[in-house]
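Chains U and A, in that order, give the protein sequences. Number 103 in numbering that gives the first Met the number 0 belongs to position 104 of the first sequence; there are no gaps in the numbering. Number 233 in numbering that gives the first Met the number 0 belongs to position 234 of the second sequence; there are no gaps in the numbering.
Treat the hints with care, as some may be off.
Claimed, not checked - Below 20 Å or equal to it, Euclidean Cα-Cα: the simulated EDC-like pairs (lysine to aspartate or glutamate) are:
| id | chain 1 | residue 1 | chain 2 | residue 2 |
| --- | --- | --- | --- | --- |
| 1 | A | K1 | A | D19 |
| 2 | U | K172 | A | D188 |
| 3 | U | K172 | A | D53 |
| 4 | U | K172 | A | E27 |
| 5 | U | K286 | U | E21 |
Quick caveat, the hints were computed from the structure, so don't treat them as lab data.
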Amino acid sequence: MIAPPPSGPVPYERGLALGLLEDMLRIRRLEEKSAELYGAGKIRGFLHLYVGEEAVAAGAIRALEPEDNVVATYREHGHALLRGMPMEAIMAEMYGKREGCSRGRGGSMHLFDARTRLYGGNAIVGGGLPLAVGLALADGMRGTRRVTACFFGDGAVAEGAFHESMNLAALWKLPVLFCCENNLYAMGTALSRSESQVDLCVKAASYSMATLKVDGQDVVAVHEAVKRAVQQVRGGGGPLFVEFQTYRFRAHSMFDAELYRDKREVEEWKTRGPLHTYSARLKAEGKLSEDEFLALDAKTGAEVERAVAFAEAGTWEPVEDLARDVHTEEPAA
Amino acid sequence: MKLSYREAMRQALHDALSRDPRVFLMGEDIGRYGGTYAVTKGLIDEFGSERIRDTPLSELGFVGAGIGAALGGMRPIVEVMTVNFSLLALDQIVNTAALFHHMSGGQFSVPLVLRMATGAGRQVAAQHSHSFENWYAHVPGIKVLAPATVEDARGMLAAALADPDPVVIFEHVQLYNLQEELAHDTAVDIASAKVRRPGSGVSLITYGGCLPKTLAAAQQLADEGIDAEVLDLRVLRPLDTQAIVASVRKCRRAVVIDEGWRSGSLAAEIMARIVEHAFYDLDAPLARVCSEEVPMPYARHLEEAALPQAQKIVAAVKAMLGTGAP
Chain U
0 MIAPPPSGPV PYERGLALGL LEDMLRIRRL EEKSAELYGA GKIRGFLHLY
50 VGEEAVAAGA IRALEPEDNV VATYREHGHA LLRGMPMEAI MAEMYGKREG
100 CSRGRGGSMH LFDARTRLYG GNAIVGGGLP LAVGLALADG MRGTRRVTAC
150 FFGDGAVAEG AFHESMNLAA LWKLPVLFCC ENNLYAMGTA LSRSESQVDL
200 CVKAASYSMA TLKVDGQDVV AVHEAVKRAV QQVRGGGGPL FVEFQTYRFR
250 AHSMFDAELY RDKREVEEWK TRGPLHTYSA RLKAEGKLSE DEFLALDAKT
300 GAEVERAVAF AEAGTWEPVE DLARDVHTEE PAA
Chain A
0 MKLSYREAMR QALHDALSRD PRVFLMGEDI GRYGGTYAVT KGLIDEFGSE
50 RIRDTPLSEL GFVGAGIGAA LGGMRPIVEV MTVNFSLLAL DQIVNTAALF
100 HHMSGGQFSV PLVLRMATGA GRQVAAQHSH SFENWYAHVP GIKVLAPATV
150 EDARGMLAAA LADPDPVVIF EHVQLYNLQE ELAHDTAVDI ASAKVRRPGS
200 GVSLITYGGC LPKTLAAAQQ LADEGIDAEV LDLRVLRPLD TQAIVASVRK
250 CRRAVVIDEG WRSGSLAAEI MARIVEHAFY DLDAPLARVC SEEVPMPYAR
300 HLEEAALPQA QKIVAAVKAM LGTGAP
């Protein structure tokens, strides 16, 4: 049995309340369009959608400061977008165009943005965790009061990289916020079929790390938890592990026939959808009207169309430039 | 002044730590213990445990942390005790360090220096005697260095630190006690191969721990009237093809000496380049002296038999010249 849908008051002024909704909506509309474009052959390779999990990125990223670091996975369109990467650059990258954030070298799984301190886009499960530890180590040694938020899925907890990183971060009391997006499946393998201990907070706690377990379908719960967590980490309290209990409504990637989970389970979880439950709460409180929702949706739709037009108009990197960016051209300062 | 390879490396680390506050060392037993090969001995007393940072046995974790720290503005020098244990960190080295600049469309660079001991010859058996320089030299995005002289042990680190991209330095375990005269100026490049002994009869191309063996072979050949040139590759990625070709053109014969296993070895790559660029300059088929294709045995006589030795190099040259025993 899954928990009832998120409910209760939204304790925010209108700007933040609607901002969180807009954040989730932007991810949703971007990804729905991406799936369509995948079907049309415009986007190729792997495409991992975040549909159903939007409340995690929305609630968490709004709790970060611009100077904080973000390390993400191959399911990172939402994180990149909400960190401030233009939707145009994301879409162009998925098209493989030179106007994309990585000049078409990365694609969907490797979105990077130096300006917003987004360090990828890492498509090796658990691969981003040691990196986050190192970024935080650098900040610790340089005396910068910066938090490194590291997103990863439940699949990563089976990797050695997870355990080594937990230990290092806790041992050295580094300012890392470990954000585990537990969507219950490591690709097609349920957590209960792959882990002897399915309570992920217990694993993190064994490294003497503070932990939080949060309803990842409830953007308010996510935002409140991450605000507290960030404050603690920034204050020098060492790393913190947050488990967001969430669910992926769509397939793992575009190649996944979803034979490993019951359709009823998916339908049940959809009753806990982060977008419709949150907009219902806003409406119940009189913070959102249907017209306002439609206007917001239209605005988001227009942004997606602009991104598609930008990607369509984009150019291909000349093949003569194939070998660029293998090594850095200018010496580091 | 005579200096050991170990002390040269230690001085290079000391210099780097003194010159740049962004430089720090991280690795297993480098601090309190003083380094498995005593390269970092005493540094913790002078620079403290923040900058001479002992790590748990988590090669994947602390190599990845080194990558992150490099991205975060530091200049980490990460010591993976030996190449044998670097296999546990291979994912971070290949999938993160080497690819980051490219995957990010040039937005990020990873100025990381990785040091590791390599090679056999100390009777430490199969799991502790690997020579995987070729694995790393296979990967675009990283540079691979093999200092084989005291001068390079002293000078290559500074050049590696000045490089904006990941650099892997292989220190052969048999070289740490090597003693050589060192000139005052220790600046070296990390782009070129170097002729360690000029000659004209046969080019002996090698790197790392095989350099002293190759020089000994060249001396023995000279005593028998064969004038061998010894080319030290120094940099294994990118390879200095020009220097290889120049030496082969001059000598018209070449033997490649490489401690790696023969199949898929660096020696194979070097021979391929010679064939591509200097085939018609050759007076004889190429030859190579590599490790025998067996896991490294413990017993001394078996280990010696498995490794390239001066006698094997001499024999290979004589066979090529048709002057040796059949």
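Exercise. Does the alpha-carbon distance linking U/K172 and A/D188 stay inside the 20 Å limit?
Worked result: It is violated: about 39 Å lies between the C-alpha atoms, which goes past 20 Å.
For this session: Sort out whether A/E27 lies within 20 Å of U/K172, counting only the CA atoms.
Result: holds, 19 Å
For this session: Could you grab the alpha-carbon distance between A/K1 and A/D19 and see if it respects the 20 Å cut-off?
Result: violated, 27 Å
Problem set entry | Pair hint outcome, U/K172 versus A/D53 [Cα-Cα no greater than 20 Å] | Holds, at about 15 Å.
Exercise. Would the pair U/K286 and U/E21 pass a check requiring their Cα atoms to be no farther apart than 20 Å?
Worked result: holds, 13 Å
In the structure shown, a violation is registered for the earlier hints numbered 1 and 2, in ascending order.
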